[in-house]
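For this one, chain A is given, so just place chain B on it according to the hints.
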Amino acid sequence: MQSLTNRATPVDRRPMNLWEKLYLPAIFKGMAITLGHIFKKKATVNYPEETRPFSPVFRGLHILNRDEEGRERCTACGLCAVACPAEAITMEAAERLPGEEHLYREEKYAARYEINMLRCIFCGFCEEACPKQAVYMSETFAPSNYQRQGFIYGKDDLLIAHPQKSITENKK
Amino acid sequence: MEFTIDWYFLIEKLLLISAVLGVSLAVAMYSTWGERKVAAWIQDRRGPNRAGIFGLLQPLADGGKLFFKEEIIPSHANRFLFVLGPSLAMLTACLTSAVIPWGDTLTIGDRIVSLQIADINIGVLWIMAVVGMGVYGIMIGGWASNNKFSLLAACRGASQVISYELPMGLALIALFMLSGSLSLKDIVEQQREGVWYILLQPIGFLIFLICAFAECNRTPFDLPEAENELNGGYHLEYSSMKLGFYLFAEYINMFISSVLMATLYFGGYAFPYMDSLGLDGNTLTILGIVALFLKTFFFIFVFMWVRWTIPRFRYDQLMKLGWKILIPLALLNMLITGAVVLFRQYGI
Chain A
1329 MQSLTNRATP VDRRPMNLWE KLYLPAIFKG MAITLGHIFK KKATVNYPEE TRPFSPVFRG
1389 LHILNRDEEG RERCTACGLC AVACPAEAIT MEAAERLPGE EHLYREEKYA ARYEINMLRC
1449 IFCGFCEEAC PKQAVYMSET FAPSNYQRQG FIYGKDDLLI AHPQKSITEN KK
Chain B
266 MEFTIDWYFL IEKLLLISAV LGVSLAVAMY STWGERKVAA WIQDRRGPNR AGIFGLLQPL
326 ADGGKLFFKE EIIPSHANRF LFVLGPSLAM LTACLTSAVI PWGDTLTIGD RIVSLQIADI
386 NIGVLWIMAV VGMGVYGIMI GGWASNNKFS LLAACRGASQ VISYELPMGL ALIALFMLSG
446 SLSLKDIVEQ QREGVWYILL QPIGFLIFLI CAFAECNRTP FDLPEAENEL NGGYHLEYSS
506 MKLGFYLFAE YINMFISSVL MATLYFGGYA FPYMDSLGLD GNTLTILGIV ALFLKTFFFI
566 FVFMWVRWTI PRFRYDQLMK LGWKILIPLA LLNMLITGAV VLFRQYGI
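Chains as they are written, first to last, in the numbering used here: chain A, 1329 to 1500; chain B, 266 to 613.
Chain A on its own, in the form it takes in the complex (with noise of 0.2 Å):
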């Protein structure tokens, strides 16, 4: 048989001499290597305290944009759910009410907007398909949970924090 590469070596299978047979000898080098291990950096990465680097093009959680007044950019179009291979965003649209104007950058807006990052398999096809630059995919990944549920990501958990507002008052 043609060999792929030429790196192939036959296997030896001549009988072992003595020096082979007393097995000590490649015990001890077997050692010396192990030993060597000892000294060599960690390939561990200290988890919580460090983190792995990401790749600039990384896609991780999605957050839901607002605007610089902090009105939300979504009008719930669908056009995400639509994108999605993994069928993981629904929504449900609702019409912006008088007075709301300052809430709402649209006359229609999300009033449910929900991904399964269970389901998800972040290719980033709805920040591409978003017409008005409301989705984004972070440089994050989602916390492990101990239900299902937890994975399920309303409004609360996806839209940032408000451009004009104090941190306590975003928190509300």
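Mixed in with the good hints there might be a few duds.
As the list claims (entries may be wrong) - A partial selection of chain A residues facing chain B, derived with a Cβ cut-off under 8 Å:
1) 1366
2) 1371
3) 1379
4) 1381
Source of the hints: derived by calculation from the structure; they are not laboratory data.
Note that the structure is a prediction, hence the values are computed from the model and not measured.
Note that the Cβ used here is the ideal one computed from N, Cα and C, for glycine as well.
Coordinates of chain B only, in the frame set by chain A:
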């Protein structure tokens, strides 16, 4: 004849016994931590580092976990023997430390305190006897579980320990031909004046080392356990702290074997040039204890180092190594040692 009790002697011995027990338990406890650290380092990992600094509280966490685990005694198991098994394993593991000289003598006031619990003239024989008893811990545990796999594993373990006791004893006989004494104290004192026995008995030491690995059920001879391919061993049915006792006894055995190797072949508490330093007795004794423990820790490290280097033997390879290689080698070593001793005594 007046009969008096030397109360100081009793208190001194009781203190010594508690100290030795405490130290062997503490060392065994931290061996589990060391084992995990060494394993991690050899595999380019970090090892336990969450419980306390450097993970130093890990053994406590492990112990606490074992205590809170559910205690299961199988319904058809012999309850008495089932509990006796791990107790016996633990007991025999702790008994061996009685004859080991942990240091020279300390002078407190006008009393000379020997740092050896019992300097009996059959010291090494006592250790061999107690280690032989240790097989009962394995056998009883495996048999009382009323599980055919436990029983098979117990037979496997027992035959391994018995097979490797033979070359171990034969290797020691060669050593006793040189020392002329079975007392560990005498053996150490001879090495203090002369040379370490490793220089006179290198093959004997090698055989002893291999047999010690087998006696402690450590890799490459950990067939009685063989977690990976033989669904556990004689402690298959054990849970909670009873399992903990079996595992802990293994670490105590490892500690005692390391002390024994240091004592028999590497001078025990003696270190080179100790008598030409010009220090007083007590300082020298304490330095001796430190030396003994350094040697011991090195051997514990070797135990772990070997475990994470060499894969497990197959059972037939294990038996072949024991009966066809180690025993003839030990006999040959004995023959040569005997001839040399005779030659040096009488000449030709």
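Checked hints:
The closest approach between the C-beta of residue 1366 of chain A and any C-beta of chain B is roughly 4 Å, which is under the 8 Å cut-off, so the hint is satisfied. Satisfaction of the interface hint for residue 1371 of chain A is found here, the shortest Cβ-Cβ separation to chain B being roughly 5 Å, below the 8 Å cut-off. Among the interface hints, the one on residue 1379 of chain A is violated; its C-beta lies about 15 Å from the nearest C-beta in chain B, farther than the 8 Å criterion. Checking residue 1381 of chain A against chain B by beta carbon gives a least distance of about 19 Å; that is not within 8 Å, so the hint is violated.
In summary, the structure is inconsistent with hints 3, 4 from the numbered list given earlier, while agreeing with the others.
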